[in-house]
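Order-wise, the sequence lines are chains A and B.
Using the working numbering, read the first sequence as starting at 1 and increasing by one per residue.
Using the working numbering, read the second sequence as starting at 1 and increasing by one per residue.
Everything labelled a hint here was simulated from the structure, so no lab data went into it.
Worth double-checking, as some hints may not be accurate.
[Said to hold, decoys possible] With a cut-off of at most 25 Å between alpha-carbon atoms, the simulated SDA-like pairs for lysine to any residue come out as follows:
#1 K337(A) x T30(B)
#2 K198(A) x I71(A)
#3 K289(A) x E342(B)
#4 K191(B) x R6(A)
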Amino acid sequence: MNIGTRKILDRSFTALGIGSIVVMAIALLIVLVPIVSNGFGAICFTGTVEHRKMLLHEFRRGGSESLTSDIATSDRYRSKVYGMLTQFEAELDRMEPEKKREYKEKYTQVRTALQALLGPMPGDPEPMLTRFKYGQTRWEKAEEKAHDLLYESKWDNSNPNVMAKEYFVSRAIGFQGTSLAQLFPYVRENLENMLIPKFTVYWGFITDSSVDSHFFGGIWPEIQGTFFLAVGAMLFAFPLGVIAAVYFTEYAKPGFFNSMLRSANSTLAGVPSIVFGMFGLAFFINTLKVSESKSVLAGALTLAIMILPTIIRAAEEAILAVPKTYREASLSLGSTKWNTIATVILPAALPGILTGGVISLGRAAGETAPIIFTAAVSVGSAIGLADVFSSPTPALSWNIYNLASEHEAASQIRHVQYGMVLSLVTIVLLLNLSAIVLRARISKKLKG
Amino acid sequence: MADESVGGNNRTTAFVISARKRTLQKAAKTVGEGLLLGIASFVAIVVLFIFYFVARDAVPFFQLRGFSEFFTGTNWYPADHPGGFGALAIIYGSLMVTLGSALIAVPMGVAAAICLSDILPFSIRQYAKPVIEMLAAIPSVAFGFFALVILAPLLQNNGGPMLMWAWWILVTPFIVLAVLVAADLLTNSIKDPKRRQQGYVMLLTVFGLISVFLLYKVGTLLYAIQILTGTNALNVSIILSFMALPTIVSVSEDALQAVGRDIREGSYALGATRAETIIKTILPAASSGILAAVILGIMRALGETMVVWMASGNSSHIPEPWFNYLEAIRTLTATIAGDMGEADQVTGSARYHVLFAMGLLLLVISFISNLVSERIVVRQRKILSGQ
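If we strip away everything but chain A, and leave its shape as in the complex, we get:
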């Protein structure tokens, strides 16, 4: 090969390496940016008067004169809509049977769309589910529903070779010549007056419990459940892990037994997380019966086993990184081995050990598979500290799965799902970030 080609190959080799790191960074951004931007939408959004009504009725919050006047204004604009409906119903009664049937069907669609937009109409029976008690609480959803009201969606199947295309037909055309025709331009012009959108910062998303399986309200039960599970796991795993690391670094003598223990440690680190879940079910719940069925305790124990190897490894590394001179100085002053470990080595290694602990805490908070069978339920209220031994809890990680995949109206509560993902990712990344900062400090300190 001539030297030019060799140089090009050399350069492109470098480019390949840098390129793959750049791809990783871009992948991280592609995953995080939509989660962050949509996740903030759960807290900061343009809320309608329905949102403020919901807060007042469900959480007894935010009742004020401005809300009363807002409700009065919106009711004034809405009453005209309802008036048009009554007028058309009367007109419908006078029609010939055939025409009546045709219009009746269309009218029912319009009425349903209006209910979805503005909430139950005067004279409607009180809905059973809270989700139907209010109109659209978020402005962007309200605009979608208003579009559903104004236009009918149809599918174009004329070309059999391509997938069917959706197109929209204005509903106003269908009602041409009747009294209801004036409803559509009225709704289009007065949508803002009927719903009174205002920029809202809803911190309650973090501190409220959910209403009607996450249609309204917040995610506090999930956050609390995640906290209980992760901290519970740490309570078991951290002391055990640190003591085991002390044994491995200070007392273990090389040999068959020791290498077997180390193999066990790396085997445990490699066990798939779902298998931990099965083990938790088969051992903690079905055999030991730590609780009747799923419970926070069983979940925390399962998570503790899962994060144990990580803690042991991190603690070992931290202990080994303590300079030999510390140990020698302590021993030469006449202290015993145990004394040296407790008063010199562990304090010096503490930041490193804590780093490992913090990362494991994040891992325990983010894992889903081990708690599916041992601790997580999809709906539930926040549990008290005394209930952790007996009752299961909702948790962020599990409920993200549940709301996105199994919820009956998953596509309607995307903002809640994004909000949950953002909360979980924020918790985990903040923990990791603090670990990174902590480690940078240690390496500076050790360098002197």
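Following the hints, put chain B in place on chain A, whose structure we already have.
Just chain B now, kept in the frame of chain A:
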């Protein structure tokens, strides 16, 4: 230890320790170390317990239904009476996404590790490391959510154009390089410099035209593809590869750094470029460590639950044709996660035990690959330190 040796012969001052105290101290030491040993071996006990309890619930399945159906059948109807427990399609689905993610993650991961250990200056490396750590830290359910809610609709609606652009962006640089190298190598034997130059240019043009045609043709083929469902093996493979990458990068970076400076400098002294040094000397020296990294990364992909459960489509059949990554599949982990809730109600049935059989299969695979990768790392360390 220290005060024992001091107090031994020299019975004069405050260092003196009575015989009783000494035995007490010895006893405390033995008990303490025993306790430490007990806690340290807790990990080993847990591993044994995991094997025992998963196997205990898996064995009844094989007693009830035997081995052959599980490993060779594709009828997966565990809820029926009599049920079908053929898990071949599910095992195949697991292998498929694992292989798919390895195909993406291994080249990228090794390239990134080389870059981190040999190419980038320290100041940039400082910023690259947290990126990889953050990628490792993002919970799997967040990746699953991304795959289900963002990537799947994208693939479903714009699958063809996305595949075409991916093909062009990823493959074009490699084809350009291949053309350059091929033209160079083929004209190497010509002695006359002028004629060699002419031949080189001619070959470049010919190969160039062929490869442009190839790029265009495959591009249009890919463009025409309609992806019927966004929750498919391709989607999962892409996401899993990003989850496996951090493991591959960090473990193979360790392996590359374990290769000494002397080997690198020897190669440079012989006039090799950096790429040649890395490919011909460092990679072979670190190959076993990189293999261990690949095994660990693959295990991460095989054992992952949430992403595949949410975004693989969960349909247990072998795709048609067998390499079709655009079809929905089902994996072992997702089956366990998805079926346990219902199967747990009927503890003792084959339906419950078959899930533990799958868990045992996963456990055995992960155990073996862990042992193998550990042996590989130990051996490499021995060889490198022996030199």
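Results of checking the hints against the structure:
{"no.": "1", "hint": "K337(A) x T30(B)", "verdict": "holds (13 Å)"}
{"no.": "2", "hint": "K198(A) x I71(A)", "verdict": "holds (13 Å)"}
{"no.": "3", "hint": "K289(A) x E342(B)", "verdict": "holds (20 Å)"}
{"no.": "4", "hint": "K191(B) x R6(A)", "verdict": "holds (19 Å)"}
Hint compliance for this structure: no hint is broken.
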